[in-house]
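Colleague: The primary structure of each chain is shown beneath.
Protein chains: 2
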Amino acid sequence: MMESEPVWIDVGTAEGKLSMKGRTLLHAGPPIDWKRASGPLRGAIIGASLYEGWAETPREAERMTERGEIGLDCTHNHNAVGPMAGVISPSMPLYELMDEKHGTRTYSNMNEGIGKVLRYGAYGEDVIERLKWMGSVLAPVLKATIEEARKESGRGISLKPMIAQALTMGDEAHNRNNATTSLLIRQVVPFMLKSGLDRKMLFEAAKFMNENNFTALNLGMAAAKAMSLAAHDVPHSTLVTVMSRNGTDAGIWVSSLGNRWYTAPAPVPRGLWFPGFSEADANPDIGDSAITETAGFGGFAMATAPAIVAWVGGSVQSAIEVTNRMYEITYAKHKYFQIPFLNFQGTPTGIDIRKILKTGILPAINTGIAHKKAGVGQIGAGTVSFPMEVFRASLKGYVDKYGV
Amino acid sequence: MMESEPVWIDVGTAEGKLSMKGRTLLHAGPPIDWKRASGPLRGAIIGASLYEGWAETPREAERMTERGEIGLDCTHNHNAVGPMAGVISPSMPLYELMDEKHGTRTYSNMNEGIGKVLRYGAYGEDVIERLKWMGSVLAPVLKATIEEARKESGRGISLKPMIAQALTMGDEAHNRNNATTSLLIRQVVPFMLKSGLDRKMLFEAAKFMNENNFTALNLGMAAAKAMSLAAHDVPHSTLVTVMSRNGTDAGIWVSSLGNRWYTAPAPVPRGLWFPGFSEADANPDIGDSAITETAGFGGFAMATAPAIVAWVGGSVQSAIEVTNRMYEITYAKHKYFQIPFLNFQGTPTGIDIRKILKTGILPAINTGIAHKKAGVGQIGAGTVSFPMEVFRASLKGYVDKYGV
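For the protein sequence lines, the chains are A and H, in the order given.
Under this note's numbering, residues 1011 to 1414 are what the first sequence spells out, in order.
Under this note's numbering, residues 1011 to 1414 are what the second sequence spells out, in order.
Warning: the hint list may mix true and false statements.
Copies of the same chain are indistinguishable here, so a pair counts whether it falls within one copy or spans any two.
Cross-link-like lysine to aspartate or glutamate pairs, in silico, DMTMM-like; alpha carbons within 25 Å at most [what the hints assert, rightly or not]:
hint, residue 1, residue 2
1, 1161, 1221
2, 1126, 1331
3, 1217, 1291
4, 1343, 1015
5, 1365, 1331
6, 1343, 1076
7, 1345, 1136
8, 1382, 1331
Derived from the structure by calculation, the hints contain no laboratory data.
Predicted, not measured: the structure shown is a model, and the values here were computed from it.
Okay, chain A solo, but in the shape it has when bound (with noise of 0.2 Å):
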């Protein structure tokens, strides 16, 4: 897990890219259908499906959903993962990584920005706008600008030193990307400069870029993929490899059970919430983006990111016990993400069923906040901690499959 090295190499559709067929959706999380599915993933589905032309309306697309002629399907089965409702639908443009250490490839959309938009579950004509724009400048540009990257160093970008760096950057890298997102643009200008693109959309990608603190989560997500990756299906062991939530299930898979999800329902996190919205909106844990807790960082490098607490709740002291609790149930202290104010420990790294079922404490999670209705969006963000019960299922499972 702690050797892998992430490189974002290439830009594509999901289609091009990921064996998806006809009208398939891929979704954040654990397996769900439409009747099960929550507000956002609902209004996220809608979206797409608008998005993709599939469907007219938004009573269209809920009904073919709803009759199956509109699939789901979780994006795990592809290496890939999506923030919140984590919709993938085939026309959309995708980050695409390689781990260099193990050769695999991984996979995630890429970011719109926070309020209202799809991985939230609104669905409107703003949102459908924005995604096509990003289907036909940003993608295009970002897809120019690493293949000058990887002309000039033969490699792409390196998304492990990137994140190390933020997180001695008040970065935890999962709720706040502010310096991941600063590093990245940075990086990637003079390529964008040397591709022999338009002007005209080369501005209006680097200003869309900048204006969203989220840009670089995407990859940051896709990067924790391959890490937690690189530490499935190694026999006996119990750590685990994916943490995920759909909004009415989490989910979580463990190495050496193979990709079998062990779910729970889904809490709803405690944060601070937008002007005008309450816990009473909130909709249960949703997104794939608990693979950066997964890989060590997030929730279990919150020490390193003190300024968060203005974004997620709590205060300076409680971030810094939730590192140092999380120390309890992982596996060892990464060796190249380090916490500076620690005195450049490494960050909690690998979660243990073992560990958790024997200390009772819960891996602790950074999250967005969706309103439960489909259609709205964002309305918060805070923490929340993973059930219990699923890493009582998996010890189970361990033990079945082990008979230890």
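Starting from the known structure of chain A, arrange chain H on it as the hints suggest.
Modeller: This is chain H only, laid out in the frame that chain A set:
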């Protein structure tokens, strides 16, 4: 000081923006002549004379300066600041800042990177070549960029929010500018793209800025100069408004005592050395960059920048202790510059000579270290205290003036 609003508004040459006449060079710190000038200042004078074409050889530049054919003047006499030797020659490009709150203008030169550079006293062909490229490529790009930014926002690039943000991102914005530089680049890139300039020029400028984490230092210094200038010339005030060193002497201005320098021999910094160098090679402290500490960041904000100890030496704990100690000799906690790890407490701001004399605590400064011989360049980075004698002498000046 805290309400100052420095905004980068223009780029021009020193002869265009400052009242520099004939063959004059500005330098950091209190007044000095060739005879007493240290190696790195001499080296920078030689380099600037070669750059201007006033001399064809180092020996000729030396002789001209010795005979007074090349005049020397202090940067601070022109509301300008320059790191290390701080040498500014008439055709060198400058940043121009406007303090929107107080209407003053301040200036700084542009950062060349680290190692063999003019400001550390190097004057080889590569150094002169780089300076010429900065005048012919970097400066026009930045001028076009800031003009585009002003067209869009009507006011240029505001520096106080950028520094405040960087202080939550592990910078103290004197010797660690990784975040400040990243934030600067991401903010200006869209405007670079909007300018009608040649793409190759833009590429070269963006690459140069990106490869140097000190790119933003000089803008931060000019901002700090604007801030401390706002506190200058206040009757009865015992606040320090300039702290600077020329490599031989360290000197200060005190608010109510006008532009009168109080000086003492500059101490040699302690720190970490580039391979092959040691304290025996180090020149005494040099540069205007202590203007950052004067304005309440830099060494005074070390607690925001634990990762800096890898560059200037010391431990994380000692960095926090330095900041805590500086509260003892300052007037206020900064309203806008906060330290997340100290529960968002404001940085110690406004050095009071009375408190220094009462406590015996000296201002702590982060600094680069120059080789004592002309022509070598940077050999390390570290920390240094300002000498007690200057504060004692200034209090004597205060007593003489006010009869208390």
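Colleague: Look at each hint and say if it fits the structure.
Modeller: Structure-based check of each hint:
1. 1161 - 1221: between (28 Å within a copy, 18 Å between copies)
2. 1126 - 1331: neither (33 Å within a copy, 44 Å between copies)
3. 1217 - 1291: Result: close neither inside a copy nor across copies, 32 Å intra and 46 Å inter.
4. 1343 - 1015: Only inside one copy: residue 1343 and residue 1015 sit 17 Å apart there, 43 Å across copies, limit 25 Å.
5. 1365 - 1331: within (18 Å within a copy, 36 Å between copies)
6. 1343 - 1076: neither (45 Å within a copy, 60 Å between copies)
7. 1345 - 1136: neither (43 Å within a copy, 38 Å between copies)
8. 1382 - 1331: Classified as neither; 30 Å inside a copy, 47 Å across copies.
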